[in-house]
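Peer 1: Protein chains in written order, with our numbering: chain S, 2 to 354; chain G, 2 to 354; chain B, 2 to 354; chain D, 2 to 354.
The hints are simulated quantities; they were obtained by calculation from the structure and are not laboratory data. Hints are supplied without guarantee of correctness; some may be wrong.
Copies of one chain are not kept apart here, so a pair can be met inside one copy or by any two copies together.
Listed next, the in silico BS3-like pairs over lysine-lysine satisfying Cα-Cα at most 25 Å (straight line) [said to hold, decoys possible]:
hint, residue 1, residue 2
1, K165, K114
2, K100, K174
3, K272, K76
4, K257, K114
5, K351, K114
6, K76, K304
7, K61, K114
8, K61, K100
9, K351, K150
10, K351, K147
11, K76, K190
12, K304, K174
13, K76, K351
14, K174, K351
15, K200, K304
16, K272, K304
17, K100, K114
In case you want the letters, here they are:
Number of protein chains: 4
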Amino acid sequence: MAGNSYGTLFKLSTFGESHGEALGGIIDGCPAGIVLDLENIQYEMSRRKPGQSAIVTQRKEEDEVQFLSGIFEGKTTGTPIGFIIPNTNQKSDDYSHIKDTYRPSHADYVYEKKYGIRDYRGGGRSSARETASRVVAGAIAKQVLKDIKINAFVSSVGEIFIDKPYQELDFSKIESNPVRCPDEEAAAKMEEHIRDIRKQGDTVGGTITCVIQNVPIGLGEPVFDKLHAELGKAMLSINAVKGFEYGSGFCGARMKGSEHNDLYNPDGTTKTNLSGGIQGGISNGMDVYFRVAFKPVATLIQKQEVLDNQGNIVELTGKGRHDPCVVPRAVPIVEAMAALVLADFYLLNKTYL
Amino acid sequence: MAGNSYGTLFKLSTFGESHGEALGGIIDGCPAGIVLDLENIQYEMSRRKPGQSAIVTQRKEEDEVQFLSGIFEGKTTGTPIGFIIPNTNQKSDDYSHIKDTYRPSHADYVYEKKYGIRDYRGGGRSSARETASRVVAGAIAKQVLKDIKINAFVSSVGEIFIDKPYQELDFSKIESNPVRCPDEEAAAKMEEHIRDIRKQGDTVGGTITCVIQNVPIGLGEPVFDKLHAELGKAMLSINAVKGFEYGSGFCGARMKGSEHNDLYNPDGTTKTNLSGGIQGGISNGMDVYFRVAFKPVATLIQKQEVLDNQGNIVELTGKGRHDPCVVPRAVPIVEAMAALVLADFYLLNKTYL
Amino acid sequence: MAGNSYGTLFKLSTFGESHGEALGGIIDGCPAGIVLDLENIQYEMSRRKPGQSAIVTQRKEEDEVQFLSGIFEGKTTGTPIGFIIPNTNQKSDDYSHIKDTYRPSHADYVYEKKYGIRDYRGGGRSSARETASRVVAGAIAKQVLKDIKINAFVSSVGEIFIDKPYQELDFSKIESNPVRCPDEEAAAKMEEHIRDIRKQGDTVGGTITCVIQNVPIGLGEPVFDKLHAELGKAMLSINAVKGFEYGSGFCGARMKGSEHNDLYNPDGTTKTNLSGGIQGGISNGMDVYFRVAFKPVATLIQKQEVLDNQGNIVELTGKGRHDPCVVPRAVPIVEAMAALVLADFYLLNKTYL
Amino acid sequence: MAGNSYGTLFKLSTFGESHGEALGGIIDGCPAGIVLDLENIQYEMSRRKPGQSAIVTQRKEEDEVQFLSGIFEGKTTGTPIGFIIPNTNQKSDDYSHIKDTYRPSHADYVYEKKYGIRDYRGGGRSSARETASRVVAGAIAKQVLKDIKINAFVSSVGEIFIDKPYQELDFSKIESNPVRCPDEEAAAKMEEHIRDIRKQGDTVGGTITCVIQNVPIGLGEPVFDKLHAELGKAMLSINAVKGFEYGSGFCGARMKGSEHNDLYNPDGTTKTNLSGGIQGGISNGMDVYFRVAFKPVATLIQKQEVLDNQGNIVELTGKGRHDPCVVPRAVPIVEAMAALVLADFYLLNKTYL
């Protein structure tokens with residue numbers, strides 16, 4: 002019952018329920034002397050926050066982070082950084098109708114079975130609202146990582162995919178549209194599709210691709226804490242994620258070795274990068290890239306069957322303000338978790354004599 | 002530099018290089034009083050070991066595990082179980098030719114860059130031989146888990162896939178063919194394909210599907226140590242793995258919520274199981290199932306370009322005895338890692354008051 | 002740089018500086034379904050808080066704990082309990098005079114050398130104020146432990162000692178005097194001595210004895226995480242602690258085995274208890290008891306030599322409101338840390354099959 | 002049930018029972034590229050091993066360590082170092098007489114109650130024989146620490162104490178006598194006393210003082226993992242230890258602040274060192290020193306009352322070959338644990354940016 006911390010040297014612990022007084026966390030192990038760019042942290046929060054565009058939930062949440070410790074005269078002190086994100090404008094009555102019911106493909110049922118009690122308001126601890134704390138820590142981790150560039154973007158919504166390799170994309174366009182897809186043509190189709198889906202009171206899944214550039218050689222700790230294994234765990238810990246692949250991923254399983262091997266250039270770089278910048282669990286200096294699959298949000302604004310705590314199947318019509326598609330808001334979360342993983346390995350590498 | 006342990010309450014730590022004196026490990030946290038079935042442990046070892054069939058590497062390794070502690074009069078004592086697997090019949094000269102070269106898509110280069118030194122014989126620590134220790138621990142974890150049934154099998158080799166849902170497969174047939182594919186028709190094609198690939202001196206990738214039945218409700222520790230997140234990390238820590246998906250996986254990312262939600266039966270089971278037996282990171286009592294992608298083995302018995310430590314690209318013809326396709330031997334490894342993950346959460350659940 | 006968490010299954014992480022906006026922490030792993038007695042938690046806080054009597058610092062701090070998560074309708078939910086203790090009435094100007102100086106036997110110098118920066122106000126993170134968070138978590142741990150009784154008390158101040166074995170003391174008298182010494186005669190002498198010391202602007206050390214009753218047999222995890230080893234670490238982590246001994250302690254080192262062995266009664270209890278309720282690192286069902294040594298507070302209200310950051314030795318007269326003797330207020334902290342250690346082992350013991 | 006690992010970055014995991022096939026361990030996190038002095042490791046083993054002099058147990062054990070991994074061409078590779086110490090010349094029949102009995106002040110009773118089973122031969126896992134693995138790891142940690150000098154010595158046996166401060170002792174004399182006491186006069190008395198005690202079939206306790214010199218400023222991780230807190234835990238985890246104090250220790254609790262404070266010299270060193278080289282849990286560059294109390298060995302070669310597993314009190318005369326006083330052989334163990342603690346913090350300090 003202690004799964005709420007992530008990392009060893011750069012460690013995030015989080016707390017908070019969707020409709021409690023506040024969310025928050027502790028970042029332990031952030032190096033001292035870093036001049037924090039607080040505006041940038043709030044900017045990352047704004048990328049995750051609800052109500053930011055017409056294709057995400059219209060909940061209004063300010064998501065303003067308050068730092069309580071670990072920062073003195075603008076610099077990190079090496080002591081733990083405590084922070085809270087007050088919950089404002091929560092409409093708990095939105096959820097009274099699910100007090101005694103378990104919504105399909107939600108965590109209602111398992112939380113009640115596991116803990117014998119649950120805060121049913123907005124999913125309580127199982128709400129994706131918890132990821133706000135991850136974005137705070139990830140934004141700080143990015144500032145620790147300095148030159149390492151982490152760019153995530155939406156690579157598919159439903160059946161609409163970007164049909165280009167990431168090398169042909171302009172990451173500066175990621176924020177140019179509400180979908181966070183750098184391919185403007187695909188972005189337009191995705192946005193339209195999300196609008197349609199929302200009109201139907203339905204939801205749709207999608208994928209996010211993340212590309213990490215300027216990764217130093219040597220990050221990752223075999224044999225269990227391989228770089229891609231930690232990235233995979235970090236991504237799979239994000240709400241609604243169903244799959245993770247890096248480099249050639251599942252396609253690689255269909256290939257022959259003679260097609261798949263990345264031949265070297267004399268300088269140690271490779272001509273191709275099906276390895277995804279990782280060999281034997283250790284970064285090799287090439288781009289690290291991976292893809293994350295998100296299922297469609299389970300909350301529908303439609304009538305559907307739910308189970309109540311008396312063992313009856315009853316009809317329920319979803320209420321509240323929900324995302325028709327989660328991937329646009331999940332982009333900064335994917336980046337944040339990637340930053341947490343890298344920061345931990347980055348600090349660990351400094352222990353080498 | 003301490004990534005060689007897995008688990009918290011049921012913890013495996015491993016050591017050993019491919020061509021050192023021995024591999025081995027320590028299992029710390031195995032409950033006391035378990036009458037160990039040592040034959041079964043050796044049986045699991047035999048499923049992983051080289052030379053077991055015509056379609057795997059013809060290296061002859063006995064892989065005999067020797068237990069050194071933690072067992073008294075046939076029972077576990079609750080103290081750490083230390084074990085070793087002596088390395089026998091290693092031909093170190095097989096590898097002298099790669100002493101100064103970095104093979105494409107191997108860990109040679111990154112180990113040397115990360116550690117400044119590497120045991121080049123057979124890949125040293127990066128060799129899949131290390132997984133023998135995992136199979137020992139996994140076999141013991143299975144005995145701890147008793148009624149939980151873990152079945153992994155080969156679901157694809159290259160472009161050859163099983164075209165049935167797992168519910169239509171007979172798991173008792175998994176061991177009926179050298180591929181470890183329960184669909185005999187597909188198995189035959191896969192076996193033939195692997196034989197062809199080997200003739201070409203090439204290799205091919207594949208996927209393994211794992212189905213876990215009779216999982217109690219409540220395993221998994223949100224928000225970071227979700228059941229599927231730990232399963233993902235465990236699988237991604239296995240050599241050559243490129244991807245992990247559970248339940249609907251990447252397909253789920255293409256679906257609508259109205260198609261994807263698993264509606265409840267009155268008893269709390271669900272009519273469908275796109276969730277893969279996990280909601281909010283916690284097992285819900287349905288089958289837990291997932292799919293793991295393995296890249297083709299990088300060692301080819303062909304001439305190919307390699308980098309030497311002087312920065313020259315030279316030609317090298319792969320020698321030694323290698324697997325044309327890794328998935329048949331990886332099946333027990335996938336089961337072992339799944340067992341380690343479940344044993345940890347299974348013990349953790351006992352801490353609830 | 003990540004030493005701000007304690008425990009594995011019942012885990013406390015803390016943050017906060019003496020003069021920051023707030024202190025606080027996260028308790029991860031508290032079992033679900035516990036009806037928390039919040040008044041009792043605030044009562045424990047009041048035992049630690051400044052200004053509670055004439056012999057402690059006259060700082061006025063409300064030390065009111067605010068819970069932000071993990072509690073729903075009065076019960077713990079099994080999710081992390083986040084809490085904060087706002088810093089009120091801090092007079093930062095009290096400390097401006099030490100901005101550039103390192104006080105003898107304080108952490109000023111080492112924090113600046115280790116981190117390159119320090120929050121000098123009131124000692125920042127090194128202030129004993131941090132222990133307020135420990136008392137919150139300890140009070141909750143006590144509620145988890147139910148029947149296990151933890152009683153700490155002041156057993157010496159300077160040269161004044163209780164001259165009775167703890168078995169002859171009435172623990173209900175611990176709170177009957179401001180010193181928290183259950184022996185009223187000794188208590189009176191201690192109180193008078195502390196008043197004298199304060200008049201001199203000096204400080205004095207002391208010891209606290211802690212007795213834990215109704216401890217179930219079997220707590221403790223050899224070989225490294227022995228019950229007394231964890232108790233020792235927990236106590237030594239408290240500000241100003243210089244030593245720890247349990248059972249016969251340092252006296253035991255002067256004895257012969259024939260004097261020291263605890264002979265058994267037929268029921269498994271022992272006739273004597275020089276072992277301090279622990280054998281081989283595991284509780285044996287007898288009382289667990291130990292003694293903790295606290296040095297005198299380093300801050301004197303006298304003129305003394307300090308080092309400044311230019312390498313000059315200068316004279317400084319201590320200001321602010323400080324404790325002439327720390328042990329009366331440290332009693333609830335010792336109990337809190339003991340409760341954290343026991344709660345962790347208590348939950349761990351439930352993992353046995 | 003997983004208390005058999007110590008450390009985070011420099012991590013030792015141990016296994017093995019007194020009379021099993023072998024003891025051993027895994028050192029994970031040892032930096033790569035260290036040319037190991039194997040003779041020195043074996044030398045440290047010889048300081049701990051039985052039969053080394055007339056005043057220790059006359060058991061003959063070779064205690065020869067065999068390294069199985071992590072070392073290549075004489076250098077550490079950064080991969081885990083696995084090692085075993087075969088158990089030779091164990092006379093299991095020596096212990097058959099205690100199969101059904103619980104010896105006073107031994108772990109027999111608690112192991113059986115905790116685990117429901119125990120390997121009764123020679124105390125099984127609770128035997129001090131386990132510390133042989135610690136000495137191996139400690140000897141390697143010392144080689145990692147290079148310039149940091151760790152010297153432990155016997156400072157008292159029973160009522161015989163060294164009556165000089167450590168600054169007046171010549172550490173080069175520690176190995177000049179079988180007691181490992183650098184004060185030859187005291188050493189002679191101690192040796193004579195131990196001979197008398199052994200003649201009586203009795204045992205006696207003692208203390209070990211450890212002095213660590215050339216410690217860099219900044220080791221230790223407040224607020225829980227303070228340097229002295231970890232040293233305390235490490236020492237208390239050694240068999241038979243009852244107490245730990247550092248710097249002024251328990252004497253400090255009797256002093257006034259005006260006597261206790263260590264005034265600074267302009268260079269940041271202090272004129273006195275009652276702080277024991279640690280302030281706020283962080284090393285300050287002065288000598289770190291501490292004292293460890295060992296109880297008398299519980300096994301007497303006398304008739305004494307024991308409990309049997311039927312609840313009867315019966316008479317038993319201790320057999321076997323035991324130490325009349327444990328401290329001479331415990332000196333290298335204290336040094337080894339100190340080295341493990343320092344190596345972990347030493348590596349951790351390298352993570353600072």
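Peer 1: Give a verdict on every hint.
Peer 2: Now for the hints, and whether the structure bears them out:
{"no.": "1", "hint": "K165 / K114", "result": "neither (45 Å within a copy, 33 Å between copies)"}
{"no.": "2", "hint": "K100 / K174", "result": "neither (43 Å within a copy, 46 Å between copies)"}
{"no.": "3", "hint": "K272 / K76", "result": "neither (42 Å within a copy, 33 Å between copies)"}
{"no.": "4", "hint": "K257 / K114", "result": "neither (46 Å within a copy, 27 Å between copies)"}
{"no.": "5", "hint": "K351 / K114", "result": "between (44 Å within a copy, 14 Å between copies)"}
{"no.": "6", "hint": "K76 / K304", "result": "neither (52 Å within a copy, 33 Å between copies)"}
{"no.": "7", "hint": "K61 / K114", "result": "neither (32 Å within a copy, 45 Å between copies)"}
{"no.": "8", "hint": "K61 / K100", "result": "within (23 Å within a copy, 43 Å between copies)"}
{"no.": "9", "hint": "K351 / K150", "result": "both (19 Å within a copy, 24 Å between copies)"}
{"no.": "10", "hint": "K351 / K147", "result": "both (15 Å within a copy, 18 Å between copies)"}
{"no.": "11", "hint": "K76 / K190", "result": "neither (44 Å within a copy, 48 Å between copies)"}
{"no.": "12", "hint": "K304 / K174", "result": "neither (38 Å within a copy, 43 Å between copies)"}
{"no.": "13", "hint": "K76 / K351", "result": "both (21 Å within a copy, 20 Å between copies)"}
{"no.": "14", "hint": "K174 / K351", "result": "neither (34 Å within a copy, 39 Å between copies)"}
{"no.": "15", "hint": "K200 / K304", "result": "within (14 Å within a copy, 58 Å between copies)"}
{"no.": "16", "hint": "K272 / K304", "result": "between (53 Å within a copy, 17 Å between copies)"}
{"no.": "17", "hint": "K100 / K114", "result": "within (15 Å within a copy, 45 Å between copies)"}
Violated hints, listed in ascending order, are 1, 2, 3, 4, 6, 7, 11, 12, 14; each of the other numbered hints is respected by the structure.
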